[in-house]
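K.L.:
Take these sequences, add in the hints, and give me the full structure.
Protein chains in written order, with my numbering: chain A, 4 to 181; chain B, 4 to 181; chain C, 4 to 181; chain D, 4 to 181.
Bear in mind the hints are in silico, worked out from the structure with no lab data behind them.
Just so you know, even glycine gets a beta-carbon here, dropped at the ideal spot from N, CA and C.
Watch out, some of these pointers could steer you wrong.
With a Cα cut of at most 20 angstroms, we get these calculated DMTMM-like pairs of lysine to aspartate or glutamate [as the list claims (entries may be wrong)]:
# : chain 1 : residue 1 : chain 2 : residue 2
1 : B       : Lys143    : D       : Glu108
2 : A       : Lys143    : C       : Glu108
3 : C       : Lys143    : A       : Asp167
4 : D       : Lys143    : B       : Glu108
5 : A       : Lys173    : A       : Glu117
6 : C       : Lys143    : C       : Glu118
Partial pick of chain A residues on the chain B-facing surface, computed with a CB cut under 7 angstroms [as the list claims (entries may be wrong)]:
#  : residue
7  : Phe62
8  : Thr63
9  : Arg66
10 : Asp68
11 : Pro87
12 : Asp90
13 : Val97
14 : Ala106
15 : Tyr109
16 : Leu110
17 : Glu114
Residues from chain C that keep clear of chain A, each with C-beta distances beyond 12 angstroms, as calculated [said to hold, decoys possible]:
#  : residue
18 : Glu35
19 : Glu83
20 : Tyr109
21 : Val139
Residue-level listing of the chains:
Protein chains: 4
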Amino acid sequence: MSTSALIVVDMLNPYGHQDAGLLTASVERTIEPLRRLLERARERDDVRLLYVNDNYGDFTADRDDLVRRAMDGERPDLVEPILPPDDCDFLAKVRHSAFYGTALEYLLSREGVEEVILAGQVTEQCVLYSALDAYVRHFKIKVVRDAVAHIHPDLGFAALRMMDLNMRAKIVPAAQCL
Amino acid sequence: MSTSALIVVDMLNPYGHQDAGLLTASVERTIEPLRRLLERARERDDVRLLYVNDNYGDFTADRDDLVRRAMDGERPDLVEPILPPDDCDFLAKVRHSAFYGTALEYLLSREGVEEVILAGQVTEQCVLYSALDAYVRHFKIKVVRDAVAHIHPDLGFAALRMMDLNMRAKIVPAAQCL
Amino acid sequence: MSTSALIVVDMLNPYGHQDAGLLTASVERTIEPLRRLLERARERDDVRLLYVNDNYGDFTADRDDLVRRAMDGERPDLVEPILPPDDCDFLAKVRHSAFYGTALEYLLSREGVEEVILAGQVTEQCVLYSALDAYVRHFKIKVVRDAVAHIHPDLGFAALRMMDLNMRAKIVPAAQCL
Amino acid sequence: MSTSALIVVDMLNPYGHQDAGLLTASVERTIEPLRRLLERARERDDVRLLYVNDNYGDFTADRDDLVRRAMDGERPDLVEPILPPDDCDFLAKVRHSAFYGTALEYLLSREGVEEVILAGQVTEQCVLYSALDAYVRHFKIKVVRDAVAHIHPDLGFAALRMMDLNMRAKIVPAAQCL
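P.N.:
Here you go:
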């Protein structure tokens with residue numbers, strides 16, 4: 004039974020929206036650490052790999068649609084290296100937190116997951132909010148420092164401090180995460 | 004903006020499980036009324052069509068997988084006539100109620116939906132439980148009498164009485180529903 | 004650590020509402036079995052005693068107010084024998100299910116409770132709905148047959164059958180419950 | 004019908020815990036602005052006044068207990084001026100967000116509240132997390148700049164920026180809030 008879940012947040016992104024410029028500069032640096040982390044996660048029996056991605060308000064969209072739109076977007080080079088494998092769990096979300104309006108709490112609880120490992124975007128938004136919702140539910144938290152991307156550097160830094168100080172999260176580099 | 008949502012519950016079913024015999028006898032009678040109701044719903048601007056279906060514990064499955072498994076199951080004749088159109092909303096659920104662990108409440112609320120119209124299976128289980136969760140959230144409820152299927156006739160009948168008496172649901176035939 | 008929770012639902016009732024006549028006839032029969040069950044529960048280290056009661060739409064009301072209004076109501080004889088002890092947990096609820104809009108799931112989960120034992124009113128409404136919400140969250144369920152009260156005998160009976168057949172609940176007499 | 008709700012978060016605090024020194028220095032500055040804001044709120048028909056306070060893990064505690072323990076704590080001078088009036092709504096919470104495990108969303112929705120006005124403590128914890136949960140549910144948000152208290156000034160400042168920039172919150176002084 005898995006005891007950790009690596010949760011990849013919102014990395015299927017067409018990068019067409021406002022703020023994309025600030026964001027992509029940060030995302031670029033996460034791709035290689037995240038890609039290697041995904042490789043290691045897939046070799047581990049005690050780590051469940053899970054993608055949670057916004058459906059951007061389209062409730063007719065399923066996983067294939069979200070993958071295709073991200074690949075057809077502005078920056079397929081930021082998508083292709085970290086595409087979800089076919090056999091990994093996938094949840095669509097509708098708002099910032101990966102827990103809100105999804106089966107994530109149910110899934111983690113049923114699988115005996117005690118620790119969530121957060122990667123993806125945006126550090127000071129969806130990552131922070133998902134960490135919070137994990138914390139109030141008493142999951143242990145790791146945040147992969149070089150596999151989360153911010154829009155505003157100061158807020159990204161403050162979010163990491165909040166998770167460290169107020170949610171007892173471990174802030175770790177990808178290379179030491181698993 | 005839609006003011007009603009026709010919610011089709013758990014009709015993508017491979018019918019391979021226990022109780023399938025009792026269930027399919029009842030489902031057979033719902034297919035033609037439901038098929039016609041779906042046709043009328045698609046012509047109406049004020050009705051949102053929404054499928055909510057169990058993922059049967061497989062979090063890697065998406066809509067296409069659930070459709071294919073139902074079509075590859077024991078009773079494709081009960082699936083093919085009521086397949087979800089490509090452009091309709093679709094939510095995977097993990098337990099009996101269509102509201103539990105899903106974005107259904109969020110979706111209905113954002114779309115201004117005031118009334119939910121329930122069809123599908125099983126009257127005394129997922130339909131009853133979804134009606135309850137709609138009722139505590141103050142949605143108006145219609146249950147399509149000839150488009151819901153039961154396993155146990157007495158419990159199906161009791162469920163309809165409960166929804167009528169205790170949840171102020173209107174129990175209506177498909178022909179008078181829209 | 005507790006492994007069971009005895010949950011007393013909506014027994015602080017002024018009995019002034021519609022249907023009170025049908026209800027009180029059934030409640031009368033539950034008082035003595037429930038009173039004895041409460042005594043036994045209080046002696047058990049492995050049973051957590053928990054009252055969950057509707058606030059009847061008054062968010063300024065706290066536990067003392069709800070107790071006093073029930074004692075000042077039409078049937079204090081149905082309230083006084085089963086009043087909550089000062090040192091027991093108490094949650095106000097706002098709708099039918101004891102889980103909706105309350106900290107019940109959080110409390111049970113934090114205390115390591117695996118089994119909920121349901122008593123109170125109304126069998127075919129709040130008891131049934133609370134059982135369902137316990138079931139989707141994978142709690143084991145017991146329903147205390149002679150300590151739950153119905154309004155409609157046929158629906159109360161159907162609710163017990165639904166909990167037995169579809170939620171794997173054990174339907175037990177109070178004398179054999181703990 | 005109310006269209007705004009002034010939500011006072013965690014101001015019933017015995018101030019005996021870790022970090023209380025850092026916290027109380029900031030709380031001191033909020034008492035007078037908050038006290039005046041409460042006065043104005045009570046005169047307004049379109050503002051609902053609502054206290055949400057942690058039960059500090061004690062599910063037997065009700066409102067009177069939480070008030071008394073705060074008044075019996077280290078800093079009754081920070082509690083007495085802003086005590087909840089008897090006729091205001093009160094919800095106990097169990098974790099950081101005022102929405103988690105409470106009836107807050109239900110209450111706001113039933114009362115037609117569109118805007119939440121947040122005051123209390125701690126800016127970078129419960130206030131931030133409650134703002135987030137309000138934001139994902141599409142409430143408008145105001146944060147009362149001089150009636151929220153932080154532990155760490157830099158994180159308090161970052162939290163205000165996050166609410167402003169990422170949750171469209173208006174950061175306003177108490178004197179211009181109502």
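K.L.:
Broken hints, numbered, in rising order?
P.N.:
3, 10, 11, 17, 20 and 21
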